[in-house]
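Could you build all of it, start to finish, from the sequences and the hints given here?
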Amino acid sequence: DHFEYDILEVQDPWREPDRSESLLQLLPDKTLNNSLRKKWDSSPLRPSSNKWADIDALAKTGASRSLDPKALLEAKQDVVLEYTYPRLDSEVSKKLIHLLKSPFVVHPGTGRVCVPIDPRQLDEFDPLSVPTVTELLGEIDRWDAAHGKEEQPGGDVEGGGAEYMPRKVQDYEKTRLKPYVELFKSFVMALMKDEKDKSGREGEGGGRDDHRAVKKEKEREHAAGSDAMEF
Numbered sequence: 001d002h003f004e005y006d007i008l009e010v011q012d013p014w015r016e017p018d019r020s021e022s023l024l025q026l027l028p029d030k031t032l033n034n035s036l037r038k039k040w041d042s043s044p045l046r047p048s049s050n051k052w053a054d055i056d057a058l059a060k061t062g063a064s065r066s067l068d069p070k071a072l073l074e075a076k077q078d079v080v081l082e083y084t085y086p087r088l089d090s091e092v093s094k095k096l097i098h099l100l101k102s103p104f105v106v107h108p109g110t111g112r113v114c115v116p117i118d119p120r121q122l123d124e125f126d127p128l129s130v131p132t133v134t135e136l137l138g139e140i141d142r143w144d145a146a147h148g149k150e151e152q153p154g155g156d157v158e159g160g161g162a163e164y165m166p167r168k169v170q171d172y173e174k175t176r177l178k179p180y181v182e183l184f185k186s187f188v189m190a191l192m193k194d195e196k197d198k199s200g201r202e203g204e205g206g207g208r209d210d211h212r213a214v215k216k217e218k219e220r221e222h223a224a225g226s227d228a229m230e231f
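Residues 1 to 231 in the UniProt record's numbering are what the sequence shown lists, from first letter to last.
Source of the hints: derived by calculation from the structure; they are not laboratory data. Please read all numbers here as calculations on a predicted model, not as lab measurements. Glycine included, each C-beta is placed from N, C-alpha and C at the ideal position. Any given hint could be a false lead.
To be verified - Once the Cα atoms are required to be at most 30 Å apart in a straight line, the calculated DSS-like pairs of lysine-lysine come out as: (1) K178 / K196; (2) K70 / K39; (3) K193 / K168; (4) K76 / K38; (5) K198 / K185; (6) K198 / K168; (7) K39 / K60; (8) K196 / K185; (9) K95 / K178; (10) K30 / K76; (11) K30 / K70; (12) K76 / K94; (13) K39 / K94; (14) K168 / K178; (15) K60 / K94; (16) K70 / K60; (17) K185 / K174; (18) K198 / K174; (19) K185 / K95.
Claimed, not checked - Label-pair restraints from in silico Cβ distances: (20) Q25 / A53: 16 to 24 Å; (21) K94 / P13: 16 to 24 Å; (22) T84 / D144: 44 to 52 Å; (23) D56 / K178: 46 to 54 Å; (24) K94 / T61: 36 to 44 Å; (25) E16 / K178: 39 to 47 Å; (26) T61 / E4: 16 to 24 Å; (27) G109 / K38: 26 to 34 Å; (28) A53 / G200: 43 to 51 Å; (29) V105 / P13: 31 to 39 Å; (30) V188 / S22: 40 to 48 Å.
Dropping the structure here:
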């Protein structure tokens, strides 16, 4: 369990007495809190995993007659969310419009490119290894100096069988940005496939009418917005 291992064991956020007090402030029952505080005061530096288990253990003993089990459960769920919610910094976490929510934008302070990452390889990802714009420009210049206007094989020529059309090497392919772009492309392609499969399933059953209605609505929106700014 991510919370039990990464938070309670590895980070151990409530071992110190002053830190455990912050945990008590998040719990809803004062009587239970007093019992927990007394237990923890008698055992300084008690590990966070033990303190977390103490909450349910003391609650089950009837330490507080006024305890609302549902309120306690909801409070504990809020604690888990608060300590496991991913944070870059406060502004990034609070605001949906923050630029770091979008892939491949450039941080104005560091010059680093915001890149998508593979969640299966989180432990291997080093944020400081992300390339900056200046580094990318240098990599493109070095590649061009070494390869000139070199082209790579492309797709099949239409109707040409085994023949191939050469294609220009894209600038991102000359840099450390390449694996991130390819990862993002694979993610988008998977989304498109899922959407296509979903549309196909809806079209097979009673969803045909709904699909037509959505299509007509999109056509109306497109017509209404035909004069809007294009990007």
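Hints that the structure is at odds with (numbers, increasing): 6, 13, 15, 18, 27
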